[in-house]
Amino acid sequence: MDLRRRLARLERSVGTHTRKHDETPQLSREFPDFLGLDKRDGVAGPVWIRNEVRSVAPPAHDPSVFCGALTRPIPADLMWNDVLFLDTETTGLAGGTGTVPFLVGLAWWEEDSQLHLRQYMLPGPGSEPAMLAELESFAAGFRLLATYNGHSYDLPLLRTRGILARRRGLLAAHDSWDLLPLARRLWGRRLTDCRQGTVEQHILGLARDGEDIPGARIPQTWIDFVREGTAGPLATVLAHNAWDLEGMAGILTTAAAVCDTAGKGSALADAFCWQDRWSLARLSETRRDRELEADWIRAAIAASPLSVIRLDERFGPPPSFFADAVRMLKRTGDWDAVAALVAGGLCLEPASSWLHREAAILYEHRLPDHLRALGHARRCGEPSRVARLEQRLAASSVAPEFLRS
Amino acid sequence: MNLAQLLDQLKADDRFLRNVTRWEVLPPRLARYADWPESLDPRLVEVLQKRGIERPYVHQAEAVRRASARDPFVVVTPTASGKTLCYNLPVLDTILRDPQARALYLFPTKALSQDQMHEVHGLISDLGADIKTYTFDGDTPETARRAIRSSGHIVITNPDMLHQGVLPHHTLWVKLFENLKYVVVDEVHTYRGVFGSHVANVLRRLRRIANFYGADPLFIGCSATIANPGELATELAGREVGVIDDNGAPQGEKHVIFYNPPVVNHELGIRRSAVKESRILAERFLAAKSQLIVFARSRMRVELLLTYLEKAGRKVGIKKGEVRGYRGGYLPSERRAIEQGLRDGSVKAVVSTNALELGIDIGRLDVCIMTGYAGTVASSWQQAGRAGRSQNLSVAVLVATSNPLDQYVITNPDWFFGRGPETAAVDPDNLMILLSHLKCAAFELPFDQGEPYGERPVGEILDYLVEMDVLHREGNRYHWMTDTYPAEDVSLRSAAPDNVVIIDSSQPTGKVIGEMDLFSSQEMLHDEAIYIHGARQYHVDKLDWDRRKAYVKPVDVDYYTDAQRKTELKTLDDEEGCDIGLGRKGLGEIGLISKVTVFKKIKLGTHENVGAGKIHLPEMELHTTSFWWELPEELHRQMSDAHLDLGDALKGVAHLLGNVAPAFVMADPADLRTLPMVKSPFTDRPTLYVYDAYPGGVGYARRVYLQIDEIAARALKHLERCSCAAGCPSCVGAPVDSGATSRDGARWILGAWSEARTAAPEADAARAEEA
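Top line first, the protein sequences correspond to chains A and B.
When you line the first sequence up against the numbering used here, it's residues 1 to 405, in that order.
When you line the second sequence up against the numbering used here, it's residues 1001 to 1771, in that order.
Calculated from the structure, these hints are not laboratory results.
For every residue, glycine included, the Cβ atom is placed at its ideal position computed from N, Cα and C.
Heads up, some of the hints might be wrong.
[Unchecked claim] Sample of chain B residues at the chain A side, in silico, Cβ under 8 Å:
#, residue
1, Pro1168
2, Val1174
3, Thr1484
4, Tyr1485
Required output: the full structure, derived from the provided sequences and hints.
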């Protein structure tokens, strides 16, 4: 029996068989004209490029408006046309070295305040090194890369592919912003998830038309083209990628406006739901602007429904709105407001040891009422605080029957 | 009384000696030292001298010499002969000189990695050098991984992690691969059979990636004694590996005693239980203040013996925590504490499954009692090696069970002492395994046309993968072209990773006391089982199979439970077959369905049966490929005419094939199993099955199918040459096992086959067509 028949048998016997077809393409494919891809001589071989201009204006605010909202520092004197948006389409989400970025989309603002798009697409895996070289050389004209989830996905993947193509440190010298964590900070408390499509739909009010290809189908579209030459569906992949780039620019602009408002105080609060006000309080906290922080958290408390007090004690102090509200109010020194908030919380969650601890601290130190503090201390299980309070109360000759738990 | 006095007493004890079939004394061996190699960094020499190592043993010095000549080697010396220095010395020496240098250590289990980590760490802190050592496995937190990738000088991991977690992400490990000077593979002997063939391929991928980054690491291996360590290491390393086996470590006088428990029922030939006899012996050694290890073959026996020894220990003033059990199912922290206790002497005795056979460092003990033959000569010597101080006297006792193989070994000690340890085989070019790893390798780096991978050209297989839409060929390169992650689909070991968590529900928070693999849990954790853990009895209230949880409560009862597993064979797919002169050969897919059905309650101490119950748990199924030999129906009559029993004969042939076939198909004996059936429900005739012991099969059965003519011919020759009278483990199996007439019967069947084949030349034609 020949080797191939044996291999096929073996694979069949363990159920890992794969589809078989006869044609074995040896050379890379040609793109049909309707895709609009032009072959150019790149710095290290031929590349295939599609250019487009869209009327999307840059943000009206200075980049410094993102201070405190981004995980990375904002380079000094950064201009909007120093920013290069980047989004890749790949042969899979599995990660690891075997995934090919077959489409790299770039976008940037020029002096005309229009968004310029450029897409590099591979006709086959062999053209990748030339594309990566071209990408590196083109990106050198920009100071900063902006991506959506690129810190976890696009940039490490390009870096990996760079190493395989003997081009180490690809794009590593650039500053970069990932807009996903930015979106999470600003809108993550309101949205169920912060996928780019969700943000576009609910924050920007944009809906992609029915033509958009689901992300999961993208890898096979290109693989089919490489294997069988079916190029039609690639048009939807190019459109999808262009949407992603334009959407990113839109998200950046909207985020800049929100960050700007955060700095202006809650006079503009009416435009925001309580979750967004809470997000802006957190942003102000990161910016260490105590006044705005207090302003936004008070606005958030005013608008919040009481049911948001959900305390899950298994994970220590709750990372909830309520915990943030108590922390920020404490900072203002408005102890009566803190007391009211904690009392409100205890009405809803009478057994919460976290709330009892907050109350015990409050009545031991801030609004001295040691008897009350002792009651709360006993319910949050802090023996040392209980002992201390009992001692103090005994010293201040409180009748012993009050001290019994 | 001390150990020497106890041995004198035993030598004079007629009742003891009556049961001893062999008392072998291995003379003491003196230490042989060499000078520190000149090339070695003086800081290392100084640190070792401070630790009391004035000079290296000859094998250690030889290791350093070969490493500096960049000559790959494998060290084969007994347990506790200072093997780890054979690789730690050259590795640390290299890193001291070149702080960029990196080394990768591979251990078969996480526990061994941890163990080694502590050892290297100790050396490094004595050196006061900035050499970073990390373990990298499934438990390594995500936050630590980045630091390990970029700054770990010595990264200690296991083959599974290398396969799924490191190689497919090699671009994150640039620093390691670029500067990789050493690949250290310890416990080389464990990498055999299917597992070893996988590991050889993982190492091929490792070399391919190291070469991509311009590195050419030196292979260093360590192995327990097997017949062919150099050959095995060469297969794994992919290049010629030399052997260092000139052991310079000293060894005190060692006594190896074969003990066969006395017959208690002559009519039925029943002997006293090996567990009971081991217990009595262990008590005598404990009383002589000897540090002791008792090996038992099952987890249940471990717990039984532990219960007994705790009681016995109390009589001679040994406290409860000084006798410990050690087996799978104990939590890692518990195991670490026991290992430490054995090293520092605070644990006086340990009862263990073969879990301690591997190189976990527990120091060396005075006495080893093996309750039952370990199954192979190599394993037996490894267990016996746990006893053996460098200066003092040590003892290893084999207590035989009534199992036929045990009885053969114990009554024919010459067979054991005259025989070398077994050969370990791997077949890295097994098509199924090779194919899996070629996919992984192509994912990691595109293949160039004509690029070597292992020994054989792989162009044809790559073309096949192109046809199957896995790879894409563009010009002279093969690129990975699907949206999957191939390493995820390839498991190096057959064992399922799923396990059952054991929860003590008498504790308010439901404390987890252990964990167990699915297969064993059906036998030990079924509803109403008495589960013994750390010599404490627990009643299993409920085994929640779907959630993989067993709820137990401590109890104190005077019985234990023993579950029975039944296995059935089904033919699922009859792929091909043809006439082979005497009957037909067939190949196809089979299902082995096993089910735990009932359990017995057995009284502690007397081992009487005091009750039983039913077990309702799902069947466990193994689907695999099988070869079968369907014999003619008239064989029944023909054989009874010749006064032979067909059942015995089939068992004999099955045993022979089980011995001979693995060598032909390059399998480990454990990878191939045989099943003789006097009347198979599928063929309706006497049939002999030889199947792959792995889910899905790995192609061994297919090779048996293709080569059955040669294999059967060799089996016949082997049988004719065997010098035994009525069968032995080397041929048709011990007579008590295979039956009194199995040797003659097997000879009859194979003889008939041989005649029929010579008479029917068309079988040869069919064979030629297939080859």
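A quick look at each hint next to the structure:
no., hint, result
1, Pro1168, "holds (4 Å)"
2, Val1174, "holds (7 Å)"
3, Thr1484, "holds (6 Å)"
4, Tyr1485, "holds (4 Å)"
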